[in-house]
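Protein chains in written order, with our numbering: chain A, 2 to 192; chain B, 2 to 192.
FYI, nobody ran anything at the bench for these hints, they're computed from the structure. Just so you know, not all the hints are guaranteed correct.
If chains are identical, the list can't say which one is meant, so a pair holds when it fits in one copy or spans any two.
To be verified - Derived lysine-lysine pairs resembling BS3-like cross-links, with alpha carbons at most 30 Å apart: (1) 122 <-> 26; (2) 164 <-> 38; (3) 99 <-> 112; (4) 164 <-> 99; (5) 3 <-> 122; (6) 38 <-> 166; (7) 99 <-> 122; (8) 161 <-> 38; (9) 99 <-> 188; (10) 3 <-> 112; (11) 122 <-> 161; (12) 122 <-> 38; (13) 38 <-> 99; (14) 112 <-> 23; (15) 173 <-> 38; (16) 26 <-> 161; (17) 23 <-> 72; (18) 72 <-> 188; (19) 72 <-> 26.
If you're wondering where the values come from, they're calculated on a predicted model, not measured in any experiment.
Number of protein chains: 2
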Amino acid sequence: MKLLYFPLLARNTLIELLAAEKGLKLEVSCPEWPAYKSNTRFGQLPQLECESAGTVCQSMAIARVLARRAKCEGESESDFIASEMLLEKFVEVYDELKASHVYQVGTPADKVAATTEALVKHFEHIESLVDAERGTVGDLSAIAAVCVAREFGVDTILAKAPKVKAYYEAKKSLIDATVGGYSAWFKPASA
Amino acid sequence: MKLLYFPLLARNTLIELLAAEKGLKLEVSCPEWPAYKSNTRFGQLPQLECESAGTVCQSMAIARVLARRAKCEGESESDFIASEMLLEKFVEVYDELKASHVYQVGTPADKVAATTEALVKHFEHIESLVDAERGTVGDLSAIAAVCVAREFGVDTILAKAPKVKAYYEAKKSLIDATVGGYSAWFKPASA
């Protein structure tokens, strides 16, 4: 399987962490852009290209397809519910960051406090659902969310989420080995 | 199971159509708002309250939990992939409508053309994935997307999506009986 994306902490993060954690072989490749755009199905990346499954677009669809292969969607209904709620929370964290993000600038100084406050609240919700031992795709999305938002300060955004923080710290080697070399996509604008 | 939401064509639409189509018993109730807000898990609706499964928040998590119960997530990997890509497309349609929506106004006149054009493109993508016979939760989300966006003109937004249009028309009785009495949430602002 080959994942096409850029070397960023963005829509690839959950997919790459999941593949690494669950031992799925995933080659990651950065295409020429925008030259490759016309080769994508919907004009966007990420795109997963897989001999057996064909082309899969959209990051959360790719994550769920890999989770299905790794059998980590949550086996019981209650685990599945927690995992799906966590995945939706991951999307909310992403959308929160995206809402205040200005391309090639970052989050403008006057919006950093409100964005950070919203992140604290989201991670407090994530805290109420996460279970590191369970390790579903939703649980892993909690640490992917930290990676994507970490330029706002790990200690700050996880002020009300000690379990998420411990989980993130426990997976630090995996994170560093997988996406550690990537640039942050979301960050406060430099003064 | 009880779904708490408002009588609108919004985040409840896919959930209610899915339950009706698959014969899942779902009571729908509109709580006093904002009085009930402090009783919700994350301060938001929809929320599903279920004796056996507890509380489930966030519309796409609720939809997937019901799909799992109805066994319509897509049985083969290829059906699952198509279904998940369709669900992400449904979210993209929703986010597109939300981006130009002004509370208590609708989509301002100067943004209606661009929103409509984007909807046509999204439904063209949906057309390439949908299969009415297969009837997964993703397939049903295609007609839920039409319901949510229909004030922009069914014929217009489905100009490049004849299969989606035929599917929507074939399910018109189900739609009318389920969400037919609800107000549109997204619509062009009245002149």
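Each hint tested on the structure:
In this assembly of identical chains, residue 122 and residue 26 lie within 30 Å of each other by CA distance neither inside one copy nor across copies; the values are 35 Å within and 33 Å between. Taking the shortest Cα distances, residue 164 and residue 38 sit within 30 Å of each other only across copies (26 Å), while inside one copy they are farther apart (40 Å). In this homomeric assembly, residue 99 and residue 112 come within 30 Å of each other (Cα to Cα) both inside a single copy, at 12 Å, and across copies, at 21 Å. Taking identical chains as interchangeable, the C-alpha atoms of residue 164 and residue 99 lie at most 30 Å apart only when both belong to the same chain, with a minimum of 25 Å there against 33 Å between chains.
Only between protomers do residue 3 and residue 122 lie at most 30 Å apart by alpha-carbon distance; the minimum there is 26 Å, versus 35 Å within a single protomer. For the homomeric pair residue 38 and residue 166, the shortest alpha-carbon distance between copies (28 Å) is at most 30 Å, but the shortest distance inside one copy (37 Å) is not. Both within a single protomer and between protomers do residue 99 and residue 122 lie at most 30 Å apart by alpha-carbon distance, with minima of 16 Å and 22 Å respectively. Proximity of residue 161 and residue 38 under a CA criterion of 30 Å is satisfied inter-copy only: 21 Å between copies versus 41 Å inside one chain copy.
Taking the closest pair of Cα atoms, residue 99 and residue 188 come within 30 Å of each other both inside a single copy (10 Å) and across two copies (24 Å). In this homomeric assembly, residue 3 and residue 112 never come within 30 Å of each other (Cα to Cα): the closest approach is 37 Å inside a single copy and 38 Å across copies. When the C-alpha separation of residue 122 and residue 161 is checked against a cutoff of 30 Å, the pair qualifies only within one copy, where the shortest distance is 8 Å, while the shortest distance between copies is 41 Å. Proximity of residue 122 to residue 38 under the C-alpha cut-off of 30 Å is restricted to the inter-copy arrangement: shortest distance 16 Å between copies versus 36 Å within a copy.
In this assembly of identical chains, residue 38 and residue 99 lie within 30 Å of each other by CA distance both inside one copy and across copies; the values are 21 Å within and 26 Å between. Neither within a single protomer nor between protomers do residue 112 and residue 23 lie at most 30 Å apart by alpha-carbon distance, with minima of 37 Å and 45 Å respectively. In this homomeric assembly, residue 173 and residue 38 never come within 30 Å of each other (Cα to Cα): the closest approach is 33 Å inside a single copy and 37 Å across copies. For a Cα distance limit of 30 Å, the shortest separation of residue 26 from residue 161 qualifies neither inside one copy, at 35 Å, nor across copies, at 38 Å.
In the homo-oligomer, the alpha carbons of residue 23 and residue 72 lie at most 30 Å apart both inside one protomer (9 Å) and across protomers (25 Å), since each shortest distance falls under that limit. Taking the closest pair of Cα atoms, residue 72 and residue 188 never come within 30 Å of each other, the shortest separation being 33 Å inside a single copy and 41 Å across copies. Taking identical chains as interchangeable, the C-alpha atoms of residue 72 and residue 26 lie at most 30 Å apart whether they share a chain (15 Å) or sit on different chains (29 Å).
In summary, the numbered hints that this structure violates are 1, 10, 14, 15, 16, 18.
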